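Q: Respectively, the protein sequence lines represent chains P, F and L.
Take 0 as the starting number for the first sequence in numbering that gives the first Met the number 0 and just add one per residue.
Take 0 as the starting number for the second sequence in numbering that gives the first Met the number 0 and just add one per residue.
Take 0 as the starting number for the third sequence in numbering that gives the first Met the number 0 and just add one per residue.
Simulated from the structure, these hints should not be mistaken for laboratory data.
Note that this is a predicted model, so its numbers are computed, not measured.
Each residue gets a CB set at the ideal place from its N, CA and C atoms; glycine is no exception.
Certain hints may be false.
Unchecked claim - Computed far set for chain P versus chain L, every beta-carbon distance over 10 Å:
(1) Gln29
(2) Lys61
(3) Phe93
(4) Asp95
(5) Ile96
As the list claims (entries may be wrong) - In silico BS3-like cross-links for lysine-lysine, where the CA-CA straight-line distance does not exceed 25 Å:
(6) Lys9(P) / Lys20(L)
(7) Lys14(P) / Lys109(L)
(8) Lys196(F) / Lys20(L)
(9) Lys35(L) / Lys6(P)
(10) Lys106(L) / Lys6(P)
(11) Lys542(F) / Lys106(L)
(12) Lys196(F) / Lys344(F)
(13) Lys493(F) / Lys2(F)
(14) Lys106(L) / Lys61(P)
(15) Lys106(L) / Lys9(P)
(16) Lys9(P) / Lys61(P)
(17) Lys6(P) / Lys109(L)
(18) Lys9(P) / Lys109(L)
Said to hold, decoys possible - Ranges between beta-carbon positions, derived for each pair:
(19) Ala16(L) / Ala47(P): 44 to 52 Å
(20) His230(L) / Asp384(F): 39 to 47 Å
(21) Tyr31(P) / Ile226(F): 35 to 43 Å
(22) Ser1(F) / Tyr22(L): 20 to 28 Å
(23) Phe31(L) / Asn36(P): 44 to 52 Å
(24) His348(F) / Leu183(L): 56 to 64 Å
(25) Val128(L) / Asn156(F): 15 to 23 Å
(26) His89(P) / Leu128(F): 37 to 45 Å
(27) Asp136(L) / Leu53(F): 39 to 47 Å
(28) Arg454(F) / Phe72(P): 33 to 41 Å
Each chain is listed here by its residues.
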Amino acid sequence: MDINTYKAQKSGYYKILGGLLLLTAVTLIQPYMFLENATFGIQLMIGAVKAWLIVMYYMHLKGETLIGWTVGFALALVIFFFAVVMTDVHHFQFKDISYISEQHVSAGEHTQHHEE
Amino acid sequence: MSKSYLEAGETHCAIGHPKSVFWQWMLTIDHKRIGLMYAAVIFTFFFVAVFVALTMRIELFAPGAQILDGDTFNQAFTLHGVIMIFLFIIPGVPAVFGNIVMPLMIGAKDVSFPRLNWFTFWLYIFGALIALSSLWTGEGFADTGWTFYAPYSLNTNTNVITTLVAAFVLGMASILTGLNFLVTIHRLRAPGMDFFKMPLFVWGIYATAWIQLLATPVVGITLVLAILEKVFGIGIFDPSKGGDPVLFEHLFWIYSHPAVYLMILPAFGIMSEIIPTFSRREVFGYRTIALSSASIAGIGYLVWGHHLFTSGMSDLAKTIFSFLTFFVAIPTGIKFYDWVATMYKGQIHMTTPMLWALGTMVTFVIGGLTGVTIAMIGADIHLQDTYYTVAHFHYAMLGGVVFLLFAGLHYWFPLMFGRMYNEKHAKRAFWFNFIGFNMLWFPMFIAGYLGMPRRYFDYLPEFQIYHQISFFGALVFITGLIYMFTVLISAIKKGEKVGPNHWNATTLEWHLPSAPPPLENHSKVPYVDFRPYEYHHGDPVVKFNYETMQRID
Amino acid sequence: MSHEEHGHEYVPEIATARDGKQYEVQGWQGDFYGGKLGFWLFMLTEVMMFGAMFLTLTYYFSLHHDDFIEASSEFSVLLGGTNTVVLLISALTMGLGLLKMRAGDVKGAKLMIYATMILALVFLAIKGVEWTEDYHDGVFLGLPALQAGNPDSRPLGEILFFGMYFTMTGLHGFHIILGIGLMLWLLKRINAGKVTPEHHILHFNIALYWDLVHLIWVFVFPYFYMIGAGHGH
Chain P
0 MDINTYKAQK SGYYKILGGL LLLTAVTLIQ PYMFLENATF GIQLMIGAVK AWLIVMYYMH
60 LKGETLIGWT VGFALALVIF FFAVVMTDVH HFQFKDISYI SEQHVSAGEH TQHHEE
Chain F
0 MSKSYLEAGE THCAIGHPKS VFWQWMLTID HKRIGLMYAA VIFTFFFVAV FVALTMRIEL
60 FAPGAQILDG DTFNQAFTLH GVIMIFLFII PGVPAVFGNI VMPLMIGAKD VSFPRLNWFT
120 FWLYIFGALI ALSSLWTGEG FADTGWTFYA PYSLNTNTNV ITTLVAAFVL GMASILTGLN
180 FLVTIHRLRA PGMDFFKMPL FVWGIYATAW IQLLATPVVG ITLVLAILEK VFGIGIFDPS
240 KGGDPVLFEH LFWIYSHPAV YLMILPAFGI MSEIIPTFSR REVFGYRTIA LSSASIAGIG
300 YLVWGHHLFT SGMSDLAKTI FSFLTFFVAI PTGIKFYDWV ATMYKGQIHM TTPMLWALGT
360 MVTFVIGGLT GVTIAMIGAD IHLQDTYYTV AHFHYAMLGG VVFLLFAGLH YWFPLMFGRM
420 YNEKHAKRAF WFNFIGFNML WFPMFIAGYL GMPRRYFDYL PEFQIYHQIS FFGALVFITG
480 LIYMFTVLIS AIKKGEKVGP NHWNATTLEW HLPSAPPPLE NHSKVPYVDF RPYEYHHGDP
540 VVKFNYETMQ RID
Chain L
0 MSHEEHGHEY VPEIATARDG KQYEVQGWQG DFYGGKLGFW LFMLTEVMMF GAMFLTLTYY
60 FSLHHDDFIE ASSEFSVLLG GTNTVVLLIS ALTMGLGLLK MRAGDVKGAK LMIYATMILA
120 LVFLAIKGVE WTEDYHDGVF LGLPALQAGN PDSRPLGEIL FFGMYFTMTG LHGFHIILGI
180 GLMLWLLKRI NAGKVTPEHH ILHFNIALYW DLVHLIWVFV FPYFYMIGAG HGH
């Protein structure tokens, strides 16, 4: 590796670091500053952007065809698992007689939390 | 003449260059020796589990208690399941023939990470020892069934944690095997061999390796969560503490359903080797068989929920899973039609491996089609957890995977040992197995349909006749198994010596300089510019000069 | 990667086609791309494993939404945020170390590995402070607050939240410790001359591993520390 590529790559690393620090700062202030009702989604979206930066530039996935496909396949599977299992939970039709709730198993005086 | 890989000193070792033959085996990194050691271990476990099953059959000969009590019976079917699944059939074909044959088929000297392969074997042994250790400690072996369903597995006092740890370690071994094979197949194919010039067994191993790699970690972490739950009681999977046992079943089957494709795909690969070789015809629809392996592996990830039809899953999810499950039958059917079309107008040689392959065609079709019936939600509500499901599973796994494993054992035996078993006896052993197998399992379809539940230690008198037919079937089957292994084992030392290509087959593992092969396989790596099963009027097209490995046809 | 680079005893074989053309055979020895591919595949298993844990977490987040928010608001964003930045910088030092190694600066590479190790230890120390505080507050695995059915019990959803928190950060911490061990091993191999600018697959893969550990934290941190941030207390 010659000195110019080295320098170019080094400055690339610092640029990504800057981006990541910026995103981290947004992560830390967001719940107190804006869109307070959508914290969960915003946080995970920022996480996804950070992850993309890390994978592409720090882990050098950019330009890797075969490895890129394997990573894509694994991620697609995880997304499918999430989609199906979460669909299942949201469409569970026996919520009212389910025992997985706090009113059936008294856990002390904290029962004021339950939803609906 | 090169020396055989079985001779003393003919191996590379993970550590140093030991003089003693014993340590040469213990430390070997040669893929062929590792495969043989896997074979020795897994078949030992196979027989242990077979005899546990026989004990249960004796118990079920008549209603009421005979030789076991109910709790011991629960432990017995758990032991049977854990050994058969985690120690026998999941390593099964990949660990034995993936190791021995796959690198030979692609013209490689070894797998990509030979030291990792050695480590994986010992990790497997370590996991097996953990599993067995729980037999004699504490409250005895787990009594949950091999599925460890919560919440019972969280409450029982038997050694569930030990078994879970063992399953985790064995899972790691399985992941590393798959990883090693994936890199090997991507990197070490002989020059010129692109993916569509690979033998179909390699395709089976490739598809399987993806399942081993990506599905196993999910169950691994599920088992870890179950262990933590048992130790700390934080409520994961325990409905009395806000957890959800259905989540355990989701996570468990996200792995364990693809796992059955992990078992069957390399076995189908063996079938795809045997059928063209003994039909002396190029395989029909090479690409469709290859791609159907890939698509079974892919679709296999999307169907786990059909195990949860009676577990309290939402109706929407049930419908989705039932729909997706039917799709698995399509690529499987394509394979079967391709095999039958390959035999059409071929010169069929009724050798022992071919006999096993044809027998499997009968048993697996029964196993496969009964699987489609229980993929239907309505039928499944009636048949779930009955002997019908048990019979389906054993027809598919024993009559599919294990029969093909035996077929492969007979097919590659002359390659591994350079000797041939007695075909007359081997064929007779096949008939014992085939008849015994059907007699053992077929009555269970009927008993299950009439309502005999699985895993029960006692039953109503009207089911007695089915249990008794099964019992006699089991005796015939076990006789066949012992017969078969006697024939094979005695041939290792005493069989007639044969040349490197005993079957007149075409793929690269039959173009070795000697039988058994030398330590570093082919004398030279060939350049592959031919399809794997080229026959012309019943004769192999491709011929090599075995000194230079150049084509001379 | 060509094989001459590390020029030990291994010489690649040549396969000859019918027309006399010669092709170099890829052996398992000195296969840089193979090593990289193998390690990426290993990392995919980690992705699936943590993916399943996040699925479990999300499942219970949907069942016990309010409890999760409530429990999350108890965490110190300051400590967790500091750790996030520490890990972020350590990813940079690790990457720079690899760059230096590839550019031939072995000494600089070693310095960067040391820096990464120190940052990893800082991360563990802060994590230790957090866990100790949790323990003194009575919130820890096995303590009454995290056991259902006694007077000190937290609500079931909170028990699940904290249980998953200790499980996942514990597993992540285990990966950090493993990473420190790997870096020590790497330094040993560099000193022994086994890892060199020409033959640095081990360094490359350990750098990948460290990025993966960072990557997991990128999701663990917001999921536990931030979802309840700004909700009082």
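Q: Would you mind marking each hint as holding or not holding in the structure?
A: Here's how the hints hold up against the structure:
no.: 1; hint: Gln29; result: 8 Å, violated
no.: 2; hint: Lys61; result: 13 Å, holds
no.: 3; hint: Phe93; result: 13 Å, holds
no.: 4; hint: Asp95; result: 14 Å, holds
no.: 5; hint: Ile96; result: 15 Å, holds
no.: 6; hint: Lys9(P) / Lys20(L); result: 42 Å, violated
no.: 7; hint: Lys14(P) / Lys109(L); result: 23 Å, holds
no.: 8; hint: Lys196(F) / Lys20(L); result: 19 Å, holds
no.: 9; hint: Lys35(L) / Lys6(P); result: 24 Å, holds
no.: 10; hint: Lys106(L) / Lys6(P); result: 17 Å, holds
no.: 11; hint: Lys542(F) / Lys106(L); result: 55 Å, violated
no.: 12; hint: Lys196(F) / Lys344(F); result: 24 Å, holds
no.: 13; hint: Lys493(F) / Lys2(F); result: 19 Å, holds
no.: 14; hint: Lys106(L) / Lys61(P); result: 28 Å, violated
no.: 15; hint: Lys106(L) / Lys9(P); result: 17 Å, holds
no.: 16; hint: Lys9(P) / Lys61(P); result: 16 Å, holds
no.: 17; hint: Lys6(P) / Lys109(L); result: 18 Å, holds
no.: 18; hint: Lys9(P) / Lys109(L); result: 16 Å, holds
no.: 19; hint: Ala16(L) / Ala47(P): 44 to 52 Å; result: 48 Å, holds
no.: 20; hint: His230(L) / Asp384(F): 39 to 47 Å; result: 45 Å, holds
no.: 21; hint: Tyr31(P) / Ile226(F): 35 to 43 Å; result: 39 Å, holds
no.: 22; hint: Ser1(F) / Tyr22(L): 20 to 28 Å; result: 23 Å, holds
no.: 23; hint: Phe31(L) / Asn36(P): 44 to 52 Å; result: 50 Å, holds
no.: 24; hint: His348(F) / Leu183(L): 56 to 64 Å; result: 60 Å, holds
no.: 25; hint: Val128(L) / Asn156(F): 15 to 23 Å; result: 38 Å, violated
no.: 26; hint: His89(P) / Leu128(F): 37 to 45 Å; result: 44 Å, holds
no.: 27; hint: Asp136(L) / Leu53(F): 39 to 47 Å; result: 57 Å, violated
no.: 28; hint: Arg454(F) / Phe72(P): 33 to 41 Å; result: 36 Å, holds
In this structure, the hints that do not hold are numbers 1, 6, 11, 14, 25 and 27, in rising order.
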